[in-house]
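Going line by line, the protein sequences match chains H and R. Just so we're on the same page, the numbering used here is the position in the first sequence counted from 1, plus 3. Just so we're on the same page, the numbering used here is the position in the second sequence counted from 1, plus 2.
Keep in mind the hints are simulated off the structure, nothing from the lab. We put the CB at the ideal spot given by N, CA and C, even for glycine. Don't take every hint at face value.
[Claimed, not checked] Per the computed footprint, the stretches of chain R lying under chain H, defined by three or more beta-carbons under 8 Å from a beta-carbon of chain H, are:
id	stretch
1	90 to 99
2	229 to 237
3	362 to 371
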Amino acid sequence: MRAVQWEIVVGLEVHVQLSTCSKIFSGASTAFGAAPNTAACAVDLALPGVLPVLNRGAVERAIRLGLAVGGRIRSPSVFARKNYFYPDLPKGYQISQYELPIVEGGSVAIRSGEVDRVIRLVRAHLEEDAGKSLHEDFHGMTGIDLNRAGTPLLEVVSEPDMRSSAEAVSYARTLHALVRWIGICDGNMQEGSFRCDANVSVRPAGSDRLGTRCEIKNLNSFRFLEKAIDYEAGRQMEVLEDGGKILQQTRLYDPDRNETRAMRSKEDAQDYRYFPDPDLLPLEIGEDWIAQVRRDLPELPQQMRQRLERDHGLSAYDAAALTADREMAQYYEAVVARLPDDPKLCANWVMGEVSAHLNGVGKSFDGCPLSPAQLARLLGRIRDDTLSGRMAKDVFGRMWAQAGDDPVAWKDRKEQAGEDLADRIIESQGLRQVSDEGELEGWIDAVIAANARSVEEFRAGKEKAFNALVGQVMKVARGKANPARVNELLKKKLTG
Amino acid sequence: MLNSSVARLSALLAARKISSVELTSAFLERIRSLNPVLNAFISVDEEASLGQARAADAVIASGEAQPLTGIPIAQKDIFCTRGRLTTCGSRMLSNFVSPYDAHVIERFDAAGAVNIGKTNMDEFAMGSSNETSYFGPVKNPWDVAAVPGGSSGGSACSVAARMAPAATGTDTGGSIRQPAALCGISGLKPTYGMVSRYGMIAFASSLDQGGPMAKTAEDLALMLNVMAGFDARDSTSLQREPEDYARDLEKPLAGLRIGLPKEYFVKEVDRDVARAVEAALGEYRRLGATAVEVSLPATRLSVPVYYVLAPAEASSNLSRFDGVRYGYRAPAYADLDDMYRKTRAQGFGAEVQRRILIGTYVLSQGYYDAYYLQAQRLRRLIAQDFVEAFRQCDLIMGPTSPTVAFDLGERSSDPVQMYLSDAYTIAANLAGLPAMSIPVGFGQGSRPVGLHIIGNYFAEARMLNAAHRYQQATDWHLRVPQACPDGAPGTRE
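Could you put together the complete structure from these sequences and hints?
Next up, the structure:
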């Protein structure tokens, strides 16, 4: 037990890599994984005489985020130079936005545990990424790869509104889902497309003054984010409890040792000598452009969640799970459009069977070999009693095996051919469920006759015995008996 | 042939009286004989030039010639030129072979011009005398004891000494106009944004502007027709309908209102310079122009404002010269910081280092507001003065430089005295206005005097018209320095 009740305060700075084909100030490709220095043009290399030209696509994506978080789109915003020397910073300055960022304010609603919270944003600004220094493999020298130099980033800065590592992770996850949802970032954290820096401080519970913060750099997974915050908050509490003071520092998280280490302190903070970049004019964004982006913005996850609860009658849990991923949500919507009477059935199958199969082969919903129409046809066969749920899973497995050979994902197919795949499998395999009373009674009578002991036990009040009998009937019927009808008829026979 | 204007040479080429190979060979020969003394060129590639000349002759033979096809042009060594040394007058780039062409170089190539060589300049265009070049000072062809002005001193010298019929320059605070004045030639700095800065090595991005240098205003117009134009690779490039800058050359000057800023005719101007400028204004009156007094009160702030803003931008622009990717790197160093320190201490000359220090200082935390922001505010005031003045006049005239060319070494130990050389030219850069200098006589020591003409935004055609009509009526622009062996004798008073 700690002597003092501490409160953790966290703010996040997230670097969202924007999904443009070319860089923010040059025409070079942003594709990941090219051979070193092959995706860097004269501008990225900062040859003498080259000049930056702003990528319109990067600005459009920033506007998209600004509108999605309800922020203000500032016009004009201004690009500034942040001056410092480092070998992987080719110009000797980074072009960023300093005093006048493109997005101001806004907020992100999160759900952490059972609690709904709103995290306010300070700003989001456009900037270019630096290159990479490679310290291994060069025999005491450093290699420089400038492929990443000039990659467009949107730095999203939150207020210090989070009160635990769990809330910070929840915010990061929500923002991660949002940037993918609105199509501005591929969200690939291994490749560095979504990087978090966490500002962490602690204070006695109930205090309204912020403690001295430390910034933890470059957290590239949600798990590291959580562990780094927990470690850092614990470290700060110990220092304070021992009567020490927190030094404002930049710290680096080491996942192998699960600890943070000081990189540099405020005292040796550099003077970046920011000033407006004279090579780039102030960025003016017209109302008509903003209106156009607003029109093209998809329904946001928050809005869709509410609609699924309200109009589809889904639980809060289901609605949240479906809207965690835009591709899954779109898939679900396409299924339910063909089966509007049973959203719950559609939701269960999309989140269950389809999701599990996709995970098994490492594919996303857009890459799903089975189309929503094909799935809807199968679910229709559950609805009209042709199949039991268990048989439907069997049919689905066969559908997957057949369609899995098709290298073309459903979204890319020109026509929705083979919509009747489920029906063809049901026919060819004779998988139609038996609901005919006479046929069912035949199987039931045979089972009752052969299982006198179970019948005895059931009549003595053992409910379990009933389930065993149902199982026997299904076995005799080789799985084809309609389980609801079996239940009904068996109960009538045994009690009647 | 060497004394002919570009316009005349163009006509001779078109009429097949001469070939571009002959023309190019003649200028290369001239460079070979004079450059060892005058040092106007940093690099000359005779084979490359003759190759371009042969190609130009083929184009001319096919009837596809443009006005500058086959004309040798000297290129300031600030313009990146593919496959050729591009040094910017610095040790830092003394080994830099550019892998790409500047927009201006592309334009001249497309026009069929011949690149006759890369001209000497003050290091990174920082200087007013050409004495800061790593490749040694350029001499003034009118008097080899005098400086040619700077930073485009090599370009000005090459034209004045008939080593090239025309040249390119760049002008951040007067670097085209002041050397043009000191060497007795014509030079024009266009409206900011007219000539793309892509591939022009940056000194102070918000002030830098490329422009032509030649013997006559007509030649400047032909050159500007090639150099000006929108370039999507420069975000400050202006998107405008192309125009023919030679279209108004012959217009009469009757009714032209010439603004004479009272602040420009003060005792700081040497008497010999004032005399030549006043004589030129008399000529303009005879040509039908009227003079009106205007006032540019904020103009006295130009030099201090410039020496805050230009170094601020330069300190950042020159950060890329760090020894990591190209250019000079110190041969021995202990670690990364030491490599930076030694590379930049050895690679940059004293004047460049001085300006990087000034620029770093004025951008530093705690000084930014007092220097950089204040200078930006004053810059707007200076520009506003011109808006007022151009309500009363069409062109503003005065001396380009307060003195004629000074002696080599005379001011190199006194930076402030050196900075004052540009007192009249800087305001046009701060305001982004077009401005030019034309020769209007000689002063002390028979050194040339330049008349400064400032126009309103995009008034280049009007300015060239005024300069051309003056040159039709006078012959100052035809005088040839005596130092040039086979030129016509220069006029000495």
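Do the hints match the structure? See the list:
1. Residue count for the stretch 90 to 99 of chain R with a Cβ under 8 Å from a Cβ of chain H: 3. That meets the three needed, and the coverage hint holds.
2. Given a C-beta distance limit of less than 8 Å, the hint that chain H covers the stretch 229 to 237 of chain R holds, as 4 residues qualify and 3 suffice.
3. Restraint check on the stretch 362 to 371 of chain R versus chain H: 5 residues with Cβ-Cβ distances below 8 Å, three needed, restraint holds.
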